[in-house]
Amino acid sequence: MNSDGTITFCLTAPQATSVQLNFQNMLGLSPAADAFPMSEGSGGLWYITVEPPAGANWYGYNFTVDGAHVADPDNRDIWTGTPGSFSSIGAWSMVMVPGDASQYMANTNVPHGAVATVNYYSTLGQTERRMTVYTPPNYNSNDGYPVLYLMHGAGGNDTDWVVNMRANFILDNLIAQHKVKPMIVVMPDTNVGTSGGLNASVTADQFIQQELLGTIVPYIEHNYRTLPGSRNRALAGLSAGSFHTRDGLFTNPTDFSYYGLFSNGALFPAQITDLTQNHPDLIHGVARAERKGVIKEIWISQGDEEPQAIPVLANALQP
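Oh and the sequence shown: position 207 is 206 in numbering that gives the first Met the number 0, straight run, nothing missing.
If you are wondering where the hints come from, they were derived from the structure by calculation, not from laboratory data. In this text, all values refer to a predicted model and were calculated from it rather than measured experimentally. Every residue gets a Cβ at the ideal spot worked out from N, C-alpha and C, and that includes glycine. Please note that a few of the clues may not be correct.
Simulated restraints, written as ranges between beta carbons of each label pair [stated by the list, open to error]:
hint: 1; residue 1: Thr79; residue 2: Arg290; range: 37 to 47 Å
hint: 2; residue 1: Thr79; residue 2: Lys180; range: 27 to 37 Å
hint: 3; residue 1: His68; residue 2: Glu127; range: 24 to 34 Å
hint: 4; residue 1: Pro110; residue 2: Arg230; range: 44 to 54 Å
hint: 5; residue 1: Thr116; residue 2: Gly66; range: 31 to 41 Å
hint: 6; residue 1: Arg224; residue 2: Pro97; range: 30 to 40 Å
Build out the structure end to end from the sequences listed, making use of the hints.
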């Protein structure tokens, strides 16, 4: 990292004939990264200096060495995505550009929670599976915690929210600032099925009903110090994860009290119109849960360039 805000990338590849840097803002992920040919110096050292396009932020990069995509061997922060998905140019090494805009997700001098990889048996997939679980600072000193079940987007897996989006550091900082209650965060791998990735053979509805509510929630409530009842559960997801969250909202509106649908590419105006016209029972079920106070909040967000379904859905969900 240079004093002027630029980044110099280096890779030793003495046998290579060409090396390219692939670089992109991971919090504004697009299918194509910016590509920069690197210059060869002495001793087989390839190098390039670039200016981060979004300033202080969290970036992913890797190298194309004679056509082969490789991560940075000297960087332990790495995101792999899911085979057969959008991660078509291999694993991404990660780098933080410090500054005010990225401070909320920085590794700051505050008490830190713990991140664990948890293995469990999936009756839906008939196989061993894993999830990532965050427990807050001083987890063992309190009686119980609310739980957020957080779904990743397409092409991701259970590590996305920690490796790619730094959810653990965001929570550490928010908890230290007393902006959120300490909570447990459960991040499943939603790629359930025989093939995995984008070809997974399990629908969002099956995942919510059988995997999440049938296996994961009981496992967490048995093995972690959770507060009881749906009033202490939240369900949220990004992009494809918002599809799972939407399914949970409409098919199981009383199993969670808080719902968050982020970067909501799974919701299109035509789909919402179809839902309101042909499946009013699902809409009414959500409205009843809102009127009874079971659902405390439904938060839906999307970018300017996504299909604008929020007004249609918000009107449909008025209690």
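Problem - Assessment of proposed distance window 30 to 40 Å (beta carbons of Arg224, Pro97) - result: Holds, since Arg224 and Pro97 (Cβ atoms, about 35 Å apart) stay within the stated range.
Handout entry: Range hint compliance [Cβ, Pro110 to Arg230, 44 to 54 Å]
Key = 26 Å, violated
Problem - C-beta pair His68, Glu127: status relative to the range 24 to 34 Å that was hinted - result: For Glu127 against His68, whose Cβ atoms are near 29 Å apart, the range 24 to 34 Å holds.
Handout entry: Thr79 versus Lys180 beta-carbon gap, inside 27 to 37 Å or not
Key = At 32 Å between Cβs, range holds.
Exercise for the section: Go ahead and decide if the range 37 to 47 Å is satisfied by the Cβ distance of Thr79 to Arg290. Expected result: Once the Cβ atoms are compared, 44 Å apart, the range 37 to 47 Å for Arg290 and Thr79 holds.
Problem - Consistency of beta-carbon spacing, Gly66 to Thr116, with hint 31 to 41 Å - result: Once the Cβ atoms are compared, 33 Å apart, the range 31 to 41 Å for Gly66 and Thr116 holds.
The structure is inconsistent with hint 4 alone, although it conforms to all the rest.
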